[in-house]
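Make the full structure from the sequences, and use the hints.
Listed below, chain by chain, are the residues.
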Amino acid sequence: MLGAILVSVFIIIAMVGFLLLSVYRAWRFKRLPVHSRLEIYPIPKEGAERAKYGGSYLEEPEWWHKPRRIDKLNELLDMLQEMIFIRKLFEKQRSLWWASYCFHLGVYAMFVWTIALIVNVAASPPWLYWITVAVGAAGFALTTLGSFLLLVRRIVDPSMRKYTTPQEYFNLVLIFCVLVTGIASWSGFASPFVVAASVLGGGGQTFAAVVYLHLVLLGLMLIYIPMSKMSHYVGKYFAFHKVLWDNDPNLADSEVRRKIKELEAHKPKTVWVAPHVNPVKPVEEPKQ
Amino acid sequence: MTNTKIAPRDISLKTDLLSPIADLAPLPAPYSADGMEPPFKQPKPEWAEEHCASLDGFIALDGLRRPETKEDEDEFVRRFIGGLAKSFADSNNSFLEPLQLTMDYCAKCNTCSEACHIFKSSGEQEIYRPIFRSDVLRKIYRRYFTPSGRLLGGFVGADIDINWESIARLGELAYRCNLCRRCAQTCPLALDNGMLTREIRKIFSQEMGIAPTPIHAKGSMRQLETGSSTGITKPALIDTLEFIAEETEETCGRKIEFPIDKQGADILLIHNAGEYMAWPENPAAFAILFEEAGLDWTLSSDMIGYDSVNYGIWYDDTQARKVAMQQIKAAEKLGVRRIVVGECGHAHKALALSADRMVSERNIPVESCLPLLAEMVSSGRLKLDPSKNDFPVTLHDPCNVVRQMGIVKPQRDILKAICPQFREMMPHGVDNYCCGGGSGFAIMNSYNFKDFRNKVSGRMKFTQIVKAFGEQFTDPGIVKYVCAPCSNCKGTIRDLFEFFETTKKFNVHYGGLVELMVNALVSMNRPFLDFAATA
Chain A
1 MLGAILVSVF IIIAMVGFLL LSVYRAWRFK RLPVHSRLEI YPIPKEGAER AKYGGSYLEE
61 PEWWHKPRRI DKLNELLDML QEMIFIRKLF EKQRSLWWAS YCFHLGVYAM FVWTIALIVN
121 VAASPPWLYW ITVAVGAAGF ALTTLGSFLL LVRRIVDPSM RKYTTPQEYF NLVLIFCVLV
181 TGIASWSGFA SPFVVAASVL GGGGQTFAAV VYLHLVLLGL MLIYIPMSKM SHYVGKYFAF
241 HKVLWDNDPN LADSEVRRKI KELEAHKPKT VWVAPHVNPV KPVEEPKQ
Chain B
1001 MTNTKIAPRD ISLKTDLLSP IADLAPLPAP YSADGMEPPF KQPKPEWAEE HCASLDGFIA
1061 LDGLRRPETK EDEDEFVRRF IGGLAKSFAD SNNSFLEPLQ LTMDYCAKCN TCSEACHIFK
1121 SSGEQEIYRP IFRSDVLRKI YRRYFTPSGR LLGGFVGADI DINWESIARL GELAYRCNLC
1181 RRCAQTCPLA LDNGMLTREI RKIFSQEMGI APTPIHAKGS MRQLETGSST GITKPALIDT
1241 LEFIAEETEE TCGRKIEFPI DKQGADILLI HNAGEYMAWP ENPAAFAILF EEAGLDWTLS
1301 SDMIGYDSVN YGIWYDDTQA RKVAMQQIKA AEKLGVRRIV VGECGHAHKA LALSADRMVS
1361 ERNIPVESCL PLLAEMVSSG RLKLDPSKND FPVTLHDPCN VVRQMGIVKP QRDILKAICP
1421 QFREMMPHGV DNYCCGGGSG FAIMNSYNFK DFRNKVSGRM KFTQIVKAFG EQFTDPGIVK
1481 YVCAPCSNCK GTIRDLFEFF ETTKKFNVHY GGLVELMVNA LVSMNRPFLD FAATA
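Heads up: the protein sequence lines correspond to chains A and B, in order.
With the numbering used here applied, the first sequence corresponds to residues 1 to 288, in that order.
With the numbering used here applied, the second sequence corresponds to residues 1001 to 1535, in that order.
Careful: at least some of the hints might be erroneous.
Stated by the list, open to error - Derived SDA-like pairs (lysine to any residue); straight-line CA-CA distance at most 20 angstroms:
1. A:LYS88 - B:ASN1110
2. B:LYS1450 - B:ALA1278
3. A:LYS88 - B:GLY1429
4. B:LYS1086 - A:PRO275
5. A:LYS236 - A:GLN93
Worth flagging that the hints you see were computed from the coordinates, not collected in a lab.
This is the structure:
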């Protein structure tokens, strides 16, 4: 009984921990200083017409006198296409996309399933039961197949194998184990609805050992993900929105200027030391 | 070990040559025939005694000397590690976010490899894969700067031994990338191996004082000392401008005047000073067009104000900042309303983008010459006759202008208006391939590096050029023109055409955009472009 309670508390802590650690990771990127402009086109916020060929506001003569048109809707649509369909990989490396998309679509289904389970426990709407079962089954099938295919691809593709670290195999194996124990638990030993109710209710019921093994592995994975490179769901947002798509100019009263001023107020504590960086003699005008 | 089996940790292997260049990607006809492609120049054994020639046999870092003592070797490694630490400290504030993201999140999916013209042209040699050098750096970073690397070593990829040879090879490898950032454009996670490559160059330059002579000692340092990387001083500039004006009048009967240091002008036009020396027809063409359009403009003769180049953006933030600040100072001194950058790709990026966030107070806006020129055409201010340019023309897109600034359409609008036989290369626009001279390669000719540019990094562009002209390519009776609105791209294409005897054998020429515009001017009584002279 005590074990069941401890596992229930652990899994709730892990779920909250996953969210908090992910937010912490995002906060750490957010507080980094304003960076040099490193935009790469096409940039969707330039609008659908320009994004089609990769144009920017810099194509306009005297661009600083023209009203800046930022197309948030197009940016959102582009972002959704990337999030929902992993479009770049689809366009650039189709063979890997099948495995990756299978996995990520499954992950989305698992999130929906988790929320649906919680709603089922809290309100038990009859119409939700079979939807939850279907989404859960699809989620498990897709993520398990996807993680297996990704693992196989990393092992058999020499160009990927060469760059894959043991930790990266471990990440996939961990996910795969969580999924396999989950499938075993829900298909033969317990109902996920009953287990969810028990966990959220403080762990009053006991279940087969495989269920606890699954829950412990799941909890460990949830805490581990934000601390590993599997947190790319955070990094990807910053890499696209705050670096490659950040083409905001430094104009008077702009947010960019405010950030640069903020940075200028703090002199760096670390300095580069090559002789030309801080020459003893200042640069002089040449003798004419 | 074959070249394809090499892995990042092999950078430390004790061998005289880690990855000799082998089977390059085939060139299209007529260059696929035997004897059409000149062979590599064989490296001399004594080069390896002084420099690091053990990566692939080429030497880019001519300022990197082999140490004489064990202490010197250790000091070299220590300084690199110290520099890497500074890359992640407040000394590198302007790049912390992109650097940290790329360091943390690479999924090793290798999507970037297919986008890299050097990797593909080299016949897919492993060391040129965009993530190869990033992974070497990542392994070093993990080993020395992360708790997981210290505790778990190889499990998290911190499995690398470093010594003088491996760090020197990494330095050389940072100069086997054109920083075109096509890899970043294609990355599903938006990570930037090009930026990471530049970070390696920065450690070598900003911390260790090591950079290729053509871009540092004879590049940005010379620019800061004399006013221009070409060494042109103010009196020499004024003489050169007078000479160009006389030549233009003599060859095409057009009297031109270069306004110099005109206080309060609307436009300060800044050219890559290399144009004055190598392609004087380009500044002359600008002068003709600006005069014909009735613009209020000037050139500056002030320190660095007459040279738009800024090699710092390829390897050294501190140099980039010093140069950019001088250029802005020159504009402020003249009290101009705007700065217009001439046909130079990296200068576009340096002044319009990189300098944009170097200091908070930026009061003189910077713009590319291309939208201004397109507006001059579309508004009808220039009277043009496209039949004067009735020969096949294709366009090379400079990476800095197109992929990195999103200026794609203006140059096309112009060419469509003035060149009836304009055709695109494939791919083009923001998906273009680098000319092979990007990030300093165009001016790096030490030892055998020119061969790397002509045969490897420029190979994809050369292939594109050949294909763009189709069956007309081999007909020497047809004049063909590659329009490259960028000084460094022009320099690279010039060298490619010399190396492959393209102009001589097939009557293919290269030049800027403004030259074609002037050639099409109704008011020009004589042709501005003289292909017979360059054939």
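Right, here's what the structure says about each hint:
1. A C-alpha spacing of about 13 angstroms is found between A:LYS88 and B:ASN1110, which places the hinted pair at or below 20 angstroms, so the restraint holds.
2. Of the supplied pair hints, the one linking B:LYS1450 and B:ALA1278 holds, its CA atoms being roughly 18 angstroms apart against a limit of 20 angstroms.
3. Our distance criterion of 20 angstroms between C-alpha atoms is met by A:LYS88 and B:GLY1429, whose separation comes to about 18 angstroms.
4. In summary, the hint linking B:LYS1086 to A:PRO275 is supported, as the alpha carbons are separated by about 16 angstroms, within the 20 angstroms threshold.
5. The suggested pairing of A:LYS236 with A:GLN93 holds, with an alpha-carbon distance near 18 angstroms, which does not exceed 20 angstroms.
In this structure, none of the earlier numbered hints is contradicted; all agree with it.
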